[in-house]
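Participant: Single-letter residue listing:
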Amino acid sequence: MKLVSLFITLVLATLLCQCVTPINPDVRTLAPTLVVDGLVTDQPGRSRVTLSLTADYTSTSLNYLVEKATVFVTDNTNQRTTFGEISPGYYQPDASWRGNSGQTYTLHIRLSDGREYQSKSERLKPVAPIDSIYVDYSQQLKLGTDSFDKGFDVSLDLKDPANPDDCYRWSWVHYEPLVYCGLIKILECPTCNTYTTYGLTCCNRCWDVIRYQNLINITSDNAINGNRISRRPILRAPFNSYQPYYVEIEQQSLTKEAFTYLSSLKDMVQNTGGIFDAAPALLVGNISSVSKSDELVLGYFGASAMIIRPLYIDRSKAPGTPDIILAPPPQPPPTSCAECVETPGRTQKAPKWWVF
Amino acid sequence: MTFLRLSTHLIALGFAIFCSATGALAQSTLSRVISGYIREAGTNKPISGASVFVQETRRGAITDREGFYNLTVASGTYTLSISHLGYIRFEQKVTVPPNRNLNNISLLPDTQLLNEVTVKTESTDRNVKKVEMGVTQLPIQSIIKMPALMGEVDIVRSLLLLPGVTTVGEGATGLNVRGGSVDQNLVLLDDAPIYNSSHLMGFFSVFNPDAIRDVTLQKGSLPARYGGRTSAVLDVRTKEPDPEKLRISGGVGLISNRLGIEGPLAGRKLTFFADTRLAINNFLFKLGPAGIRDVKASFYDVTAKLKYLPNERNTVYLSTYVSDDHLLLPSDSLLSVDVSSTQTGFDYQTANGSLKWIHTFNNRLIMNLSAVVSRYRSATSVPDTSNEFRLQSELLSKIGKLEFNYQTDRHHWSFGLQATHYQLLPNTLTPGPVSNVQPVHLPAEQGLEAGIYAEDEINLNEKTSLIAGLRYSHFLFLGPTEVRTYAPNGPRRPETLASQELVARGSVAQHYGGFEPRLALRWALQSDRSLKFSYTRTRQYLQLISNTTAALPTSRWKMSDNHIRPQVADQLSAGYFRNYHNDTYEVSTEVYYRRSQHAIDYRDGAKLLLNPTPEIDLVQGRGRAYGVELMLKKNKGFLTGWASYAYTRTQLLIDGPYVGERINNGLWYPANFDKPHAVNVLAIYRPSLKFTFSANYTYSTGRPVTVPYAKARVNNLITLPVYLDRNQQRIPDYHRLDISLTWEKNPARKTHYWYSWTFSVYNLYARKNAYSVFYRFSSYSAGDANKLSIFGSAIPSLTYNFKL
Chain A
1 MKLVSLFITL VLATLLCQCV TPINPDVRTL APTLVVDGLV TDQPGRSRVT
51 LSLTADYTST SLNYLVEKAT VFVTDNTNQR TTFGEISPGY YQPDASWRGN
101 SGQTYTLHIR LSDGREYQSK SERLKPVAPI DSIYVDYSQQ LKLGTDSFDK
151 GFDVSLDLKD PANPDDCYRW SWVHYEPLVY CGLIKILECP TCNTYTTYGL
201 TCCNRCWDVI RYQNLINITS DNAINGNRIS RRPILRAPFN SYQPYYVEIE
251 QQSLTKEAFT YLSSLKDMVQ NTGGIFDAAP ALLVGNISSV SKSDELVLGY
301 FGASAMIIRP LYIDRSKAPG TPDIILAPPP QPPPTSCAEC VETPGRTQKA
351 PKWWVF
Chain B
1 MTFLRLSTHL IALGFAIFCS ATGALAQSTL SRVISGYIRE AGTNKPISGA
51 SVFVQETRRG AITDREGFYN LTVASGTYTL SISHLGYIRF EQKVTVPPNR
101 NLNNISLLPD TQLLNEVTVK TESTDRNVKK VEMGVTQLPI QSIIKMPALM
151 GEVDIVRSLL LLPGVTTVGE GATGLNVRGG SVDQNLVLLD DAPIYNSSHL
201 MGFFSVFNPD AIRDVTLQKG SLPARYGGRT SAVLDVRTKE PDPEKLRISG
251 GVGLISNRLG IEGPLAGRKL TFFADTRLAI NNFLFKLGPA GIRDVKASFY
301 DVTAKLKYLP NERNTVYLST YVSDDHLLLP SDSLLSVDVS STQTGFDYQT
351 ANGSLKWIHT FNNRLIMNLS AVVSRYRSAT SVPDTSNEFR LQSELLSKIG
401 KLEFNYQTDR HHWSFGLQAT HYQLLPNTLT PGPVSNVQPV HLPAEQGLEA
451 GIYAEDEINL NEKTSLIAGL RYSHFLFLGP TEVRTYAPNG PRRPETLASQ
501 ELVARGSVAQ HYGGFEPRLA LRWALQSDRS LKFSYTRTRQ YLQLISNTTA
551 ALPTSRWKMS DNHIRPQVAD QLSAGYFRNY HNDTYEVSTE VYYRRSQHAI
601 DYRDGAKLLL NPTPEIDLVQ GRGRAYGVEL MLKKNKGFLT GWASYAYTRT
651 QLLIDGPYVG ERINNGLWYP ANFDKPHAVN VLAIYRPSLK FTFSANYTYS
701 TGRPVTVPYA KARVNNLITL PVYLDRNQQR IPDYHRLDIS LTWEKNPARK
751 THYWYSWTFS VYNLYARKNA YSVFYRFSSY SAGDANKLSI FGSAIPSLTY
801 NFKL
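As given, the protein sequences belong to chains A and B, one line each in that order.
The numbering of the first sequence is full-length UniProt numbering, which starts it at 1 and goes up by one.
The numbering of the second sequence is full-length UniProt numbering, which starts it at 1 and goes up by one.
If you're looking for bench data, these hints aren't it; they were derived computationally from the structure.
These numbers come from a predicted model, not from an experiment.
Hints may contain errors.
Per label pair, the in silico range of CB-to-CB distance [said to hold, decoys possible]:
{"no.": "1", "chain 1": "B", "residue 1": "L497", "chain 2": "A", "residue 2": "K120", "range": "14 to 22 Å"}
{"no.": "2", "chain 1": "B", "residue 1": "L497", "chain 2": "A", "residue 2": "E116", "range": "28 to 36 Å"}
{"no.": "3", "chain 1": "A", "residue 1": "S316", "chain 2": "B", "residue 2": "D324", "range": "45 to 53 Å"}
{"no.": "4", "chain 1": "B", "residue 1": "V679", "chain 2": "A", "residue 2": "G226", "range": "53 to 61 Å"}
{"no.": "5", "chain 1": "B", "residue 1": "P480", "chain 2": "A", "residue 2": "R228", "range": "30 to 38 Å"}
{"no.": "6", "chain 1": "B", "residue 1": "P443", "chain 2": "A", "residue 2": "P129", "range": "30 to 38 Å"}
{"no.": "7", "chain 1": "A", "residue 1": "P129", "chain 2": "B", "residue 2": "R624", "range": "53 to 61 Å"}
For glycine and all other residues, C-beta sits at the position ideal for the given N, C-alpha and C.
Just chain A, same shape as in the assembly (with noise of 0.2 Å):
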């Protein structure tokens, strides 16, 4: 019997390694096409356009920014409206302006060298309301340790209206409120070699924002239409700290075309090249040049109403003990403090429901 356990034993330490291996296929390249990234909103300062260019496979750098263009969206009343450049690349209208739920809207761009492209008109179509959130603790073996995944699983319920073709999509915003806004090294002694690292405090209230965008979180109602939608998964917070956990959910409505275009982006980024993936393919949006109908262009220029509701996660009440990253200490007197730099990851200006 003994025998035949090691035999077990041996076949499943070779069989199951699935093993990765970097190669070197050849490289192909294309010329740089315009890549169009586009979101009109219900929200104020949520609507957004970013301009860029592919970049090679193999290329480090991010892709290539598209500045000085002449950016507006026109609505189904022929309304216009003007997308300002805000950093290169990206452009955005008024902060106070917002999409209507109900109109169409279509974005316009010409190019500083006088190219124009246009995007098929979409629809802001309403979204239903957020019903239930639910948070429940859970704990798992890591994979090959003896420590724990300690966190929050997020998940929600709606009521789907009885209409079909109904879209949707969620994303997320974590606000963490910061303590140090920077690191200090100091000599430990005037003639060691060694450094102490002190945190540095903030000088004014600084929250790191951490966005989770890039995951294609969606769903139609295909399969359940007029049902409830139920325990969709949001995100799974962190159990390292007691604190209470801050974040806000965004529900967004999508068109059926929309949707189509991320589920096959999302089947492509998490194509693995395996025998039971789909064949990769051209994923084209819905942007087009408006003199040279066969030209190349990327992306995808949406319109979604967007729900945000804030959540409080105490986690206080959980069984166990945080997984408590450890912070340096605080900087012994005589102290200075850290400025809270505005950047996309930090900000000195509160969460709209922050209540501490």
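Given chain A, work out where chain B should sit, using these hints.
Facilitator: Using the frame of chain A, we list chain B on its own:
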């Protein structure tokens, strides 16, 4: 109008058969007949391909599939010499008249060492002597000797060692034969169709080696009795039950355990066998890494046959085959329904039953009448309460066949009728009791496929023989169904849907049909060498539609309808065959060219599951495949085996009038299983009765993949790879060496208990063959290509077999 034309064709064909048959009868009365069955002594199993030689006239015959032979001679006394590899030669003095109609002969198996070590593919000179081409018959004894993955003797995998046979990758279902896709092979187990030939997605074949007698793969000239698939026929036949005594056999392996029983039920007239295989591999996954610990996989299959032999003229077989697979994956991977789930279940079942009656009217005319019912069912399911559902599809086919074989000294006629009724339930989604999922029921498809054929194998003279056959097949797509019409001047899209019309039950919504000529010609240059040529046309009315590189067991079947036209393929092949050293060595060269019309592929981004209008996502075009297959085979001696090389190409052209109906920009592109170079070597060394060593080596070009040209950043942070063509690059080449060692109890020693141990190693030198190539998508770093290997190390296994 077409109906009228069809019936005219049928009458003409029937008349032709009648005339030829009567003509042959009239001619044969002038001579005397010696005919009968050649069987194995003891087991009574028919020996096909045995040679019956009349020494005085220096002429002879080869026995057919049922072991039947027929000779026409002038009156006199003759010495018959009956021989077949693996049996002791038998001589018999016969005097005619009177006619010897049932001159049955039993051959004793040759237990001599030399013959035991032989890889038998019927008679050794079949290669040169038979008219047909591209046919390989492997008896189960040879398949068992080949190294097996995890000790599972696998009939389908063993065929991959033949030239011209490929697969998309390890773990993919089925075979690709001479440029045909998986669903273009007609897979038959005792006349019943098998729609999915794999257990556990694609790792093991559904055939239980204990129940199988032999496997025939026809890849070149297809006999006219086969139809409905365009590429190849894999005919798997089960063993004949042992009429002598009740025997129990079985085996214990890493993956599956086998148990079988066979023997007489009521004397020698009623015999049976039943073989089962059971695999529950949950415990194997539990020992694995956490990622796969919750995978549950199990399968079983039952193969059984009842044989009733009331007298020499009649034989009745009742066969059944049942197989069942269950898989539970701990994620919603591979799930194509829009709900979230913690687990996904896959299950699929085959249930086949067939009844066959073989009647011998006289020494010339044999009739085969069979009725087959076959059901294939596959399902995807989610067990989570609030999203619980089961998405099932089912294909039910009922087949009736009547075949006649009529033999004279120079002609071998076969003719018959076949009819198949299909009922296909494409997708039925059933929610659980408290589930939020809405039920979906895609309407059933009904079809009737009928075929009539006649074929004659003619020995024109000593040097030349030919098989000329003609098959007419017709397919009716039956109501109730909804016929959709799309705007004539535009692509087939949801927005161009013009009208929908309901066709009532029993009415014909669409029909297709046509002739399928079959021709094979052999010209013997000398007794040990021949040139052959063949032409085959085939039509296919039922296809698997799948948008994945390799089809899943749950992929959808689709009948030809008003939009999807039947596939038609023409294959031309030619070959040169030569044997050396008294048939010890066999050398063959075959070339083929295959052209197909209405080859089917899917539109970029197609969704085929739960799609009520699949024609929108399917496109049809042309296909071509060509290649050269070289083979050197050693049939006799302590060392047997073969080495083969094949250069094969398979390409598709999908060039519709609209942009969305083109693939690869409307240019030819290689099919997913296009692997130009393939080398296979199999060696079986059996120095004694107790020990066998075997090894096989396989090399092939990597399969084609699509690689990105560039990357784009969309939707904030997502990197979108930009693909401009299809299948223009390849994954790294594949090669592998397997070995197997078998010790068995001396089979010559007559004892009650026989056993054997088989130790095998798959992928001996642990090559990390690429299973897939994928790209890591990150907006911050270089896109890097990676290959994933499964079975990336040497896999040993141990199997124990016994027989009581």
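Participant: For each hint, tell me whether it holds in the structure or not.
Facilitator: Results of checking the hints against the structure:
no.	hint	result
1	B:L497 x A:K120: 14 to 22 Å	holds (20 Å)
2	B:L497 x A:E116: 28 to 36 Å	holds (33 Å)
3	A:S316 x B:D324: 45 to 53 Å	holds (51 Å)
4	B:V679 x A:G226: 53 to 61 Å	holds (59 Å)
5	B:P480 x A:R228: 30 to 38 Å	holds (34 Å)
6	B:P443 x A:P129: 30 to 38 Å	holds (36 Å)
7	A:P129 x B:R624: 53 to 61 Å	holds (57 Å)
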